[in-house]
Amino acid sequence: MNTTPAPKILVVDDEPPIRKLLRMGLSSQGYDVLEASDGKGAIELLAKKPALVILDLGLPDIDGHDLLRRIRHRQEALPIIVLSSRGDEAGKVAALDLGADDYVTKPFGMDELFARIRAAMRHQLQEHGERPLFQVGDLRVDLVRRIVKVGDKEVRLSPKEYDLLRLLVQHAGKVLTHRFLIQELWNEPADPQYLRVYVRQLRRKIEADPERPQYIMTELGVGYRLRAPD
Amino acid sequence: MAGQRSDKEQRPSPEALLAEMRREERGGSGRLKIFVGAAPGVGKTYEMLQTARAKRKEGVDVIVGVVETHGRKETEALLEGFEVLPRKPTIYVNRILSEFDIDAALKRRPSLILVDELAHTNVPGSRHPKRYLDVEELLQAGIDVYTTLNIQHIESLNDVVAQITHVRVRETVPDSILDRADAIELVDLTPDDLIQRLKEGKVYVPKQAERALKNYFSPANLTALRELALRQTAERVDEQLLEHMRARAISGPWAAGERILVCVSEDPRSAGLVRYAKRLSDRLRAPWTALCIETRRSLQLTEKERDRIAEAMRLAERLDGEAITIPSATRRIADDVIAFAHANNATHIVIGKSTRSRWFEILHGSVVHDLVRRAGNISVHVIAGDELVSEPSTAKDVAPAASRPFDLIPYIVAVLAVAVALGISLLVQPVFGLENVDLIFLTAIVGVAVRYGLWPSLLATVLASLSYNFFFLPPIYTFTITDPTNIAAFLVFMLLSIVVSNLAARGQSQVATTRERVRSVESLYAFSRKLASAGTLDDVLWATAHQIASMLKVRVVLLLPEDGTITVKAGYPPEDTIEEADLAAAKWTWENNRIAGRDSDTLPGAKWLFLPMRTGRGAIGVLGITKDGPGPLLRPGHRRLLDALTDQGGLAIERVHLVEDIDRVRRTAETERLRSALLTSISHDLRTPLAAVLGAAGALRDLSKSLDQASKSDLLATIIDESERLNRFIANLLDMTKLESGAVSPNVALHDVSEIVGSALERTSKILGKHRIEVEINADLPMIMVDAVLFEQVLFNLLDNASKYAAGDTTITVRSWRDRETVCLQVMDEGEGIPPADLAHIFDKFYRARKGDQVRAGTGLGLAISRGFIEAMHGQIAAANRPDRSGAVFTITLPIPKTTEKLLPATAS
Numbered sequence: 181m182n183t184t185p186a187p188k189i190l191v192v193d194d195e196p197p198i199r200k201l202l203r204m205g206l207s208s209q210g211y212d213v214l215e216a217s218d219g220k221g222a223i224e225l226l227a228k229k230p231a232l233v234i235l236d237l238g239l240p241d242i243d244g245h246d247l248l249r250r251i252r253h254r255q256e257a258l259p260i261i262v263l264s265s266r267g268d269e270a271g272k273v274a275a276l277d278l279g280a281d282d283y284v285t286k287p288f289g290m291d292e293l294f295a296r297i298r299a300a301m302r303h304q305l306q307e308h309g310e311r312p313l314f315q316v317g318d319l320r321v322d323l324v325r326r327i328v329k330v331g332d333k334e335v336r337l338s339p340k341e342y343d344l345l346r347l348l349v350q351h352a353g354k355v356l357t358h359r360f361l362i363q364e365l366w367n368e369p370a371d372p373q374y375l376r377v378y379v380r381q382l383r384r385k386i387e388a389d390p391e392r393p394q395y396i397m398t399e400l401g402v403g404y405r406l407r408a409p410d
Numbered sequence: 041m042a043g044q045r046s047d048k049e050q051r052p053s054p055e056a057l058l059a060e061m062r063r064e065e066r067g068g069s070g071r072l073k074i075f076v077g078a079a080p081g082v083g084k085t086y087e088m089l090q091t092a093r094a095k096r097k098e099g100v101d102v103i104v105g106v107v108e109t110h111g112r113k114e115t116e117a118l119l120e121g122f123e124v125l126p127r128k129p130t131i132y133v134n135r136i137l138s139e140f141d142i143d144a145a146l147k148r149r150p151s152l153i154l155v156d157e158l159a160h161t162n163v164p165g166s167r168h169p170k171r172y173l174d175v176e177e178l179l180q181a182g183i184d185v186y187t188t189l190n191i192q193h194i195e196s197l198n199d200v201v202a203q204i205t206h207v208r209v210r211e212t213v214p215d216s217i218l219d220r221a222d223a224i225e226l227v228d229l230t231p232d233d234l235i236q237r238l239k240e241g242k243v244y245v246p247k248q249a250e251r252a253l254k255n256y257f258s259p260a261n262l263t264a265l266r267e268l269a270l271r272q273t274a275e276r277v278d279e280q281l282l283e284h285m286r287a288r289a290i291s292g293p294w295a296a297g298e299r300i301l302v303c304v305s306e307d308p309r310s311a312g313l314v315r316y317a318k319r320l321s322d323r324l325r326a327p328w329t330a331l332c333i334e335t336r337r338s339l340q341l342t343e344k345e346r347d348r349i350a351e352a353m354r355l356a357e358r359l360d361g362e363a364i365t366i367p368s369a370t371r372r373i374a375d376d377v378i379a380f381a382h383a384n385n386a387t388h389i390v391i392g393k394s395t396r397s398r399w400f401e402i403l404h405g406s407v408v409h410d411l412v413r414r415a416g417n418i419s420v421h422v423i424a425g426d427e428l429v430s431e432p433s434t435a436k437d438v439a440p441a442a443s444r445p446f447d448l449i450p451y452i453v454a455v456l457a458v459a460v461a462l463g464i465s466l467l468v469q470p471v472f473g474l475e476n477v478d479l480i481f482l483t484a485i486v487g488v489a490v491r492y493g494l495w496p497s498l499l500a501t502v503l504a505s506l507s508y509n510f511f512f513l514p515p516i517y518t519f520t521i522t523d524p525t526n527i528a529a530f531l532v533f534m535l536l537s538i539v540v541s542n543l544a545a546r547g548q549s550q551v552a553t554t555r556e557r558v559r560s561v562e563s564l565y566a567f568s569r570k571l572a573s574a575g576t577l578d579d580v581l582w583a584t585a586h587q588i589a590s591m592l593k594v595r596v597v598l599l600l601p602e603d604g605t606i607t608v609k610a611g612y613p614p615e616d617t618i619e620e621a622d623l624a625a626a627k628w629t630w631e632n633n634r635i636a637g638r639d640s641d642t643l644p645g646a647k648w649l650f651l652p653m654r655t656g657r658g659a660i661g662v663l664g665i666t667k668d669g670p671g672p673l674l675r676p677g678h679r680r681l682l683d684a685l686t687d688q689g690g691l692a693i694e695r696v697h698l699v700e701d702i703d704r705v706r707r708t709a710e711t712e713r714l715r716s717a718l719l720t721s722i723s724h725d726l727r728t729p730l731a732a733v734l735g736a737a738g739a740l741r742d743l744s745k746s747l748d749q750a751s752k753s754d755l756l757a758t759i760i761d762e763s764e765r766l767n768r769f770i771a772n773l774l775d776m777t778k779l780e781s782g783a784v785s786p787n788v789a790l791h792d793v794s795e796i797v798g799s800a801l802e803r804t805s806k807i808l809g810k811h812r813i814e815v816e817i818n819a820d821l822p823m824i825m826v827d828a829v830l831f832e833q834v835l836f837n838l839l840d841n842a843s844k845y846a847a848g849d850t851t852i853t854v855r856s857w858r859d860r861e862t863v864c865l866q867v868m869d870e871g872e873g874i875p876p877a878d879l880a881h882i883f884d885k886f887y888r889a890r891k892g893d894q895v896r897a898g899t900g901l902g903l904a905i906s907r908g909f910i911e912a913m914h915g916q917i918a919a920a921n922r923p924d925r926s927g928a929v930f931t932i933t934l935p936i937p938k939t940t941e942k943l944l945p946a947t948a949s
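These protein sequence lines map, in sequence, to chains A and B.
If you count the first sequence from 1, you need to add 180 to reach the working numbering.
If you count the second sequence from 1, you need to add 40 to reach the working numbering.
Where hints are given, some of them may not hold.
[To be verified] Restricting the straight-line Cα-Cα distance to at most 27 angstroms, the calculated cross-link-like pairs of lysine-lysine (BS3-like) are:
{"id": "1", "chain 1": "A", "residue 1": "Lys340", "chain 2": "A", "residue 2": "Lys354"}
{"id": "2", "chain 1": "A", "residue 1": "Lys286", "chain 2": "B", "residue 2": "Lys844"}
{"id": "3", "chain 1": "B", "residue 1": "Lys752", "chain 2": "A", "residue 2": "Lys286"}
{"id": "4", "chain 1": "B", "residue 1": "Lys806", "chain 2": "A", "residue 2": "Lys354"}
{"id": "5", "chain 1": "B", "residue 1": "Lys810", "chain 2": "A", "residue 2": "Lys286"}
By construction, these hints were calculated from the structure, which means they are not laboratory data.
Taking the hints into account, I'd like the entire structure generated from these sequences.
Structural data, given as structure tokens:
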């Protein structure tokens with residue numbers, strides 16, 4: 181950390197208390213914090229090359245989704261985490277479809293936000309090459325040999341179940357929308373209920389208690405998220 | 041009369057004061073001036089126009105509604121400069137007639153309008169059949185009216201004029217409109233001058249009536265008519281003066297205590313009697329009553345005769361008399377009349393001279409003679425029959441009413457009864473002797489009389505006499521009687537038979553009359569009981585419509601106000617509706633609070649007759665009746681019955697309205713109470729966590745030096761927990777707001793129950809940290825059709841609720857299974873359970889807030905939201921106590937969607 185400059189995070193939020201809170205929290209984790217209170221300031225600050233953007237969707241001068249689209253337009257690979265509110269599942273899905281990497285629902289805990297930031301950053305680094313072996317808890321997935329183990333027991337998965345798990349592993353810690361998963365698995369639009377059937381099957385095979393999953397987490401109304409390695 | 045005056049009559053009479061007040065009150069309504077003439081051609085229209093010109097000079101807004109100049113140049117010249125309302129063309133029998141346009145007049149709203157020829161009859165299809173009704177409406181709308189009238193058109197003078205001139209005028213106006221007039225101006229011309237004008241061609245004479253009118257304008261006629269007009273006008277003037285004096289308690293020479301009674305029967309001259317009574321009452325300034333006495337003979341009257349009585353009674357009402365029908369209480373009509381006269385302090389009785397034959401009078405007695413004999417100090421006016429000109433019935437031609445069909449059975453029974461009596465007599469005669477045989481026949485006759493009335497019993501009498509004679513009186517088997525004693529016995533027997541059968545038959549017919557009255561009273565009573573028990577407006581309306589329809593044999597609709605107009609609310613037969621044109625008549629009735637439609641004076645072209653329903657608090661609706669086929673809708677007795685029924689129905693409707701008003705007030709009060717309880721509760725639920733957060737944060741800032749590490753993390757935990765609680769509460773408020781505003785539109789899709797349960801358990805993991813959680817979900821449970829986010833919130837609320845009511849170390853169980861075509865999901869706790877009294881209300885919004893229960897956190901919104909969400913997803917939620925142990929159990933049931941079968945997990949692998 182001493183040799184490389186601290187990663188910069190751009191916080192876009194019109195509420196000073198939230199910005200203050202994020203500044204304190206993020207600084208404590210060793211990030212440099214850039215702050216913008218509106219869309220115009222955010223666009224300007226992009227010039228300072230932030231490593232990640234935390235974006236509140238409700239801004240005074242520009243629609244949050246518009247700003248998201250403009251940022252994505254300029255910086256294709258820049259990880260963006262959206263701050264949203266409960267009950268606005270449609271807004272979350274729209275943001276993810278526009279290229280946001282993840283979201284955090286207000287009010288949120290700092291640890292949750294940090295986990296999302298880590299997952300988003302890690303994913304960006306992974307883009308260049310898959311890690312062949314993935315492990316979280318007792319679950320181990322060997323992406324090269326296509327072997328899935330829970331503890332010492334090997335789990336037999338159908339091809340579709342394996343494809344689903346692979347997708348989740350590749351984006352571990354990140355939320356994947358129903359649409360994204362369906363598109364990746366079937367290459368065409370399909371009813372989300374097919375996806376739910378496969379998720380249920382997969383959970384039965386890899387979760388100790390499918391009713392209280394430890395690995396494949398449900399983001400109701402949005403999609404699924406695989407727990408990231410600690 | 042002056043001797044009868046007492047002290048109290050020196051004081052202002054209340055009636056006179058009222059009348060004057062009414063006249064003054066009419067401030068809102070217009071003033072009426074009538075230009076009266078003795079005959080056509082005296083110059084009424086001319087005079088009216090001249091007066092109007094003078095008014096116009098004064099700056100009054102005068103227009104001409106309708107004026108007939110009949111081509112007279114002088115009159116036409118006077119019209120110049122006036123705004124003349126265009127007439128309304130009306131098509132009638134392929135001819136276009138132009139009529140006074142009342143709607144245009146009401147729209148134009150001048151201060152004074154001239155409407156010529158008050159007695160004019162409008163073309164059928166106009167709003168009112170008569171022009172004077174148009175004028176009344178104009179006055180009611182606050183417009184002053186000038187109009188003209190010839191003396192022969194006044195209803196009460198109709199007979200007199202017909203006697204003088206031998207020409208009966210069919211177009212009449214009721215006397216009431218003259219009473220209503222604020223000013224009457226007599227346009228007078230001597231007979232000679234008038235005849236001169238006629239000769240000069242200055243009097244309009246229709247071609248076809250030339251000859252008749254020549255006779256009409258004879259000096260004798262004109263003198264008589266002139267006298268009539270002068271007297272009539274003088275009487276009006278006199279009356280106005282009298283009323284003025286009475287209102288101010290100025291003693292004057294008015295008659296007091298006079299009251300006139302006129303007897304109305306089915307006799308065609310009754311209408312003339314009524315008019316005579318009216319004139320008499322005008323002269324005596326006395327109130328008057330038309331009395332009709334219903335006897336057993338009334339039941340046998342033909343429809344035409346009944347109509348005639350009804351017509352006379354209606355005429356009496358039109359002429360401002362009182363019309364009363366009473367049942368005969370005694371054998372003699374005269375006694376009934378006298379009794380009524382005494383009871384009502386009548387001083388004059390008017391009755392028609394009998395036209396019956398001498399024989400009839402000997403047999404039945406003469407009402408007139410009886411009346412004169414018993415009248416005591418009451419004056420009896422017997423009006424000679426030939427003095428009154430019978431007029432053709434004005435009633436529309438009614439198809440001859442089917443008289444009661446001749447029933448053969450009573451006569452057959454009469455014959456049989458006599459035959460049986462004969463048989464018995466033949467059997468018993470040898471034992472008991474001849475003397476008792478007649479009693480057996482008499483028994484048969486009385487039996488027939490009691491059962492079937494007069495005529496069958498008379499037949500039985502004849503047969504019995506013949507049989508008695510033939511079989512028993514020697515020489516037997518012949519119709520001759522030899523023994524003089526037997527002749528006497530036979531005659532006595534016959535006489536006795538006739539008297540007995542007559543008596544029995546009279547009793548029977550009285551019973552029939554009474555029974556009919558009792559029946560109608562009973563059904564009125566039953567109706568009022570039914571109304572009293574009817575709770576809802578619909579019940580009341582239906583009962584009223586049904587009762588009127590069945591008692592009067594008519595079709596009924598009831599219209600009540602709604603959004604500023606009136607609409608049909610009930611009907612019998614229930615499918616009855618009314619057409620647009622009829623609705624206009626109903627609206628008119630509603631707006632003017634007066635009767636309209638079929639058989640009435642307003643919009644008589646309508647198929648329905650509409651009557652306002654009134655109570656003490658004012659108009660509440662409109663009743664419409666009609667029946668299939670032509671003919672008058674109501675007989676006078678029925679009119680009164682209808683009034684009684686309408687009044688009862690109106691009162692019941694008003695009662696329902698009052699109850700609704702009270703309910704509304706109570707509900708408002710309840711809402712107010714709830715609102716204030718809610719505000720208290722919400723502010724409590726918002727402030728408690730905030731206070732905890734502020735307190736803990738303040739302590740951390742101010743006391744950080746003196747606090748040890750454990751206390752600090754305790755305070756931090758408090759801040760986080762309380763903030764989360766606040767957050768949950770706000771989320772609940774938002775959800776409730778969404779539900780209340782109907783903004784919840786579930787985004788349903790097929791979901792796996794266990795997935796949503798898992799998500800809810802994840803979210804509640806912190807709240808339920810101290811509880812044991814058991815999840816039992818059937819592996820082959822079908823997917824359910826829900827909105828995942830809403831359903832998870834329901835589960836969250838139920839789990840949150842369980843965590844509040846069950847202690848920390850107990851087990852909370854979530855179970856789900858399939859029950860036939862539904863999926864059930866239960867959340868059970870091991871707390872104390874729900875008090876039985878609360879079970880029914882536990883899902884009510886703010887139930888806990890209403891109870892003022894502040895022991896546990898939360899307003900009790902959670903369960904209300906849960907029910908709202910579940911019902912929005914077409915499911916059900918119920919609360920109960922666990923049967924196996926203490927604890928509450930909430931059960932959600934959701935239907936299994938049809939399409940889910942093919943998506944069972946088995947097919948996915």
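Results for each hint:
| no. | hint | verdict |
| --- | --- | --- |
| 1 | A:Lys340 x A:Lys354 | holds, 20 angstroms |
| 2 | A:Lys286 x B:Lys844 | holds, 25 angstroms |
| 3 | B:Lys752 x A:Lys286 | holds, 25 angstroms |
| 4 | B:Lys806 x A:Lys354 | holds, 23 angstroms |
| 5 | B:Lys810 x A:Lys286 | holds, 26 angstroms |
Hint check: no violations occur; every hint is consistent with the structure.
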